[in-house]
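Undergrad: Sequence:
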Amino acid sequence: MAKKGKTIFVCQECGYESPQWMGQCICGAWNSFVEERILPPDTNPLSRGSAVTGAARHGCGRPEPLKKVGTADYDRIDTGIGELNRVLGGGMVRGSLVLISGEPGIGKSTIIIQTAANIAAAGRTVLYVSGEESEEQIKLRADRVCSSIPESLYVLSETNLENVEAACENLKPAFLIIDSIQTLYSSQLDSAPGSVSQVRMCGNILMKLAKTGDIPVFIVAHVTKSGDLAGPKTVEHLVDCVLNFTGERDQELRVLRSYKNRFGTTSEIGAFRMESEGLKEVRDISATFLERNEEMSEGSVTAAIYEGSRPVMFEIQALVSPANVGFARRTSVGIDNQRLSMILAVMEKLVGLQLINQDVYVNVVGGIRPDGTGTDLAVALAVYSSYKRAVPKKRTLAVGEVGLTGELRAVQNTDKIVKEAARLGYEQVIMPVRNAEKIGIQVGRCRVLGVKNIQEAFAAFTS
Numbered sequence: 035m036a037k038k039g040k041t042i043f044v045c046q047e048c049g050y051e052s053p054q055w056m057g058q059c060i061c062g063a064w065n066s067f068v069e070e071r072i073l074p075p076d077t078n079p080l081s082r083g084s085a086v087t088g089a090a091r092h093g094c095g096r097p098e099p100l101k102k103v104g105t106a107d108y109d110r111i112d113t114g115i116g117e118l119n120r121v122l123g124g125g126m127v128r129g130s131l132v133l134i135s136g137e138p139g140i141g142k143s144t145i146i147i148q149t150a151a152n153i154a155a156a157g158r159t160v161l162y163v164s165g166e167e168s169e170e171q172i173k174l175r176a177d178r179v180c181s182s183i184p185e186s187l188y189v190l191s192e193t194n195l196e197n198v199e200a201a202c203e204n205l206k207p208a209f210l211i212i213d214s215i216q217t218l219y220s221s222q223l224d225s226a227p228g229s230v231s232q233v234r235m236c237g238n239i240l241m242k243l244a245k246t247g248d249i250p251v252f253i254v255a256h257v258t259k260s261g262d263l264a265g266p267k268t269v270e271h272l273v274d275c276v277l278n279f280t281g282e283r284d285q286e287l288r289v290l291r292s293y294k295n296r297f298g299t300t301s302e303i304g305a306f307r308m309e310s311e312g313l314k315e316v317r318d319i320s321a322t323f324l325e326r327n328e329e330m331s332e333g334s335v336t337a338a339i340y341e342g343s344r345p346v347m348f349e350i351q352a353l354v355s356p357a358n359v360g361f362a363r364r365t366s367v368g369i370d371n372q373r374l375s376m377i378l379a380v381m382e383k384l385v386g387l388q389l390i391n392q393d394v395y396v397n398v399v400g401g402i403r404p405d406g407t408g409t410d411l412a413v414a415l416a417v418y419s420s421y422k423r424a425v426p427k428k429r430t431l432a433v434g435e436v437g438l439t440g441e442l443r444a445v446q447n448t449d450k451i452v453k454e455a456a457r458l459g460y461e462q463v464i465m466p467v468r469n470a471e472k473i474g475i476q477v478g479r480c481r482v483l484g485v486k487n488i489q490e491a492f493a494a495f496t497s
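Residue numbers for the sequence shown follow the working numbering, so the first one is 35 and each next one is one higher.
Bear in mind the hints are in silico, worked out from the structure with no lab data behind them.
Note that the coordinates shown come from a computational prediction; the quantities given were computed from them, not determined experimentally.
Note that beta-carbon positions come from the ideal geometry of N, C-alpha and C, so glycine has one too.
Mixed in with the good hints, there may be bad ones.
[Stated by the list, open to error] With a straight-line Cα cutoff of 35 angstroms, these simulated DSBU-like cross-link-like pairs (lysine-lysine) come out: (1) 102 with 173; (2) 245 with 294; (3) 173 with 245; (4) 314 with 422; (5) 314 with 294; (6) 40 with 102; (7) 101 with 314; (8) 294 with 428; (9) 314 with 40; (10) 242 with 267; (11) 422 with 453; (12) 428 with 450; (13) 173 with 267; (14) 40 with 101; (15) 245 with 102; (16) 486 with 314; (17) 173 with 314; (18) 294 with 422; (19) 383 with 102; (20) 472 with 450; (21) 294 with 206; (22) 422 with 472; (23) 383 with 294; (24) 242 with 102; (25) 428 with 486; (26) 267 with 206; (27) 206 with 245; (28) 173 with 101; (29) 450 with 422.
[Claimed, not checked] With beta-carbon atoms standing in for the labels, derived distance ranges: (30) 486 with 103: 26 to 34 angstroms; (31) 486 with 311: 31 to 39 angstroms; (32) 486 with 52: 40 to 48 angstroms.
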């Protein structure tokens, strides 16, 4: 017999609920509504209004002065993987809910089984719940990527959330893994697994399980074609940490980035190399990105950004060639295309480069996508080097933001970037003069060149 309840329509993009079907949602998406059935408030665990009211009536929900509230000393669990600990802010926090996403085959399940094995090897009970693979498939992966499989690592192939709760009640794990939340379903809802209502309910129940049991929970989530997290946005707001795995399948390097972290910074990144034995940590990420940049060549300039607690250096390559037919092409990989168009316009207007009939291609080597505007100067120098066929006489690194009037604006953490450049053997760093004044003209064997505008930067690059 079907459960009683009401039918609503939920947007798959933003989670907006409507009593009737709509062609376009308030978020702007078209044909994104799906039909969902909601249980009455007395049987729906997501409807907690009566419970909250009852708690307040009995004095359990009294407001407290903020000054008297104690701050918890969060006890972190070592994952056994240094780069993962760095991204998480020093390790996993007890009772935290971590969401990890990425494209299929990028390495999500690999790093999770490695983490589970490391924590289980420390004597803690770990439960790995998979709704996508059987126990045999998980065992095959564990045999390949783990040196040994501890006795305290348990696996469960299950999609029913009530059965998962029962297993946690019996096993009392110190670490829980859900792979993935789109395969879970609660029998209290009639909708199919992966629907907006199911993902939202399962997320709430897992959060309650983590907080009440003081259990760190890792949740694997699918991504859409555009790279965004699939399902309602409420899940992202619900969890404590959102991690994203990026990288190209045909390349070994994988980058783990934190987009949300309630227990640490969101600017840290972790680097891994995919090998036949699993994911291996890349501790010196700058040396990895620059491993083929020992010899200077035209159209190649080294840039740098500061991520979390360390500088990351990478190579920017540019190719300028005459356009054969039609309009000239502007193609960039890793750099915002509109930002590239602005830099090219500044170079045409203020430096006099005739780029209107030239195809321009810009690529960030290694698959990294740097944020911010600190790479503007390196992009401009790479395009200039390819167009003029100019090669610098010294190993050069460039940082700085290019303004519309051609001036160079200061960027942050240049002192740490220069120290890293000196360690890697760079002979000169071109940067805005405001940054150079605070650092000095020499750091080790690396010379610091402060320039005011893009014209001075081009002159310093070729001198």
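Undergrad: Work down the list of hints and note, for each, if the structure agrees.
TA: Checked hints:
1. For the hint pairing residue 102 with residue 173, the CA-to-CA distance comes to about 49 angstroms; that exceeds 35 angstroms, so the pair is violated.
2. For the suggested pair residue 245 and residue 294, the alpha carbons sit about 18 angstroms apart, so the restraint of at most 35 angstroms is met.
3. Simply put, residue 173 and residue 245 have alpha-carbon atoms about 29 angstroms apart, close enough for the 35 angstroms limit, and the pair holds.
4. Restraint check for residue 314 and residue 422: not satisfied, since their Cα atoms lie roughly 41 angstroms apart, outside the 35 angstroms limit.
5. Restraint check for residue 314 and residue 294: the C-alpha separation of about 24 angstroms stays at or below 35 angstroms, so the hint holds.
6. Annotation: proposed proximity of residue 40 to residue 102 is violated, straight-line Cα distance about 44 angstroms (limit 35 angstroms).
7. Restraint check for residue 101 and residue 314: the C-alpha separation of about 45 angstroms exceeds 35 angstroms, so the hint is violated.
8. Of the pairs offered as hints, the one joining residue 294 and residue 428 is violated, with about 40 angstroms between alpha carbons and a cut-off of 35 angstroms exceeded.
9. The suggested pairing of residue 314 with residue 40 is violated, with an alpha-carbon distance near 50 angstroms, which exceeds 35 angstroms.
10. Restraint check: the Cα-Cα separation between residue 242 and residue 267 comes to about 18 angstroms, which is no more than 35 angstroms; the hinted pair holds.
11. The suggested pairing of residue 422 with residue 453 holds, with an alpha-carbon distance near 30 angstroms, which does not exceed 35 angstroms.
12. Distance check on the hinted pair: residue 428 and residue 450 sit about 20 angstroms apart at the alpha-carbon level, within 35 angstroms; holds.
13. Taken as a hint, the residue 173 and residue 267 pair is honoured in the structure, with Cα atoms around 33 angstroms apart against an allowance of 35 angstroms.
14. Taken as a hint, the residue 40 and residue 101 pair is broken in the structure, with Cα atoms around 45 angstroms apart against an allowance of 35 angstroms.
15. In summary, the hint linking residue 245 to residue 102 is supported, as the alpha carbons are separated by about 22 angstroms, within the 35 angstroms threshold.
16. A hinted pair counts as satisfied when its Cα atoms are at most 35 angstroms apart, and residue 486 with residue 314 does not qualify at roughly 42 angstroms.
17. Taking the CA atoms of residue 173 and residue 314, the gap is near 20 angstroms; set against the 35 angstroms cutoff, the hint holds.
18. Of the pairs offered as hints, the one joining residue 294 and residue 422 is violated, with about 43 angstroms between alpha carbons and a cut-off of 35 angstroms exceeded.
19. This hinted pair does not check out: residue 383 and residue 102 have alpha carbons roughly 61 angstroms apart, beyond 35 angstroms.
20. At roughly 12 angstroms between alpha-carbon atoms, residue 472 and residue 450 fall within 35 angstroms of each other, so this suggested pair holds.
21. A distance of roughly 28 angstroms separates the Cα atoms of residue 294 and residue 206; the hinted pair therefore holds under the 35 angstroms criterion.
22. This hinted pair checks out: residue 422 and residue 472 have alpha carbons roughly 32 angstroms apart, not beyond 35 angstroms.
23. Taken as a hint, the residue 383 and residue 294 pair is broken in the structure, with Cα atoms around 40 angstroms apart against an allowance of 35 angstroms.
24. Restraint check: the Cα-Cα separation between residue 242 and residue 102 comes to about 25 angstroms, which is no more than 35 angstroms; the hinted pair holds.
25. Among the hinted pairs, residue 428 with residue 486 is consistent with the structure: their alpha-carbon atoms are about 20 angstroms apart, no more than 35 angstroms.
26. Note on residue 267 and residue 206: the hinted pairing holds, with a Cα-Cα distance of about 30 angstroms set against a maximum of 35 angstroms.
27. Restraint check for residue 206 and residue 245: the C-alpha separation of about 14 angstroms stays at or below 35 angstroms, so the hint holds.
28. Proposed proximity of residue 173 and residue 101 is contradicted: the alpha carbons are some 50 angstroms apart, above 35 angstroms.
29. For the suggested pair residue 450 and residue 422, the alpha carbons sit about 31 angstroms apart, so the restraint of at most 35 angstroms is met.
30. Our hint of 26 to 34 angstroms for residue 486 and residue 103 is violated, since their Cβ atoms are close to 51 angstroms apart.
31. The beta-carbon spacing between residue 486 and residue 311, approximately 51 angstroms, falls outside the hinted interval of 31 to 39 angstroms.
32. The hint said 40 to 48 angstroms for the Cβ distance between residue 486 and residue 52, and at roughly 56 angstroms that hint is violated.
In this structure, the hints that do not hold are numbers 1, 4, 6, 7, 8, 9, 14, 16, 18, 19, 23, 28, 30, 31, 32, in rising order.
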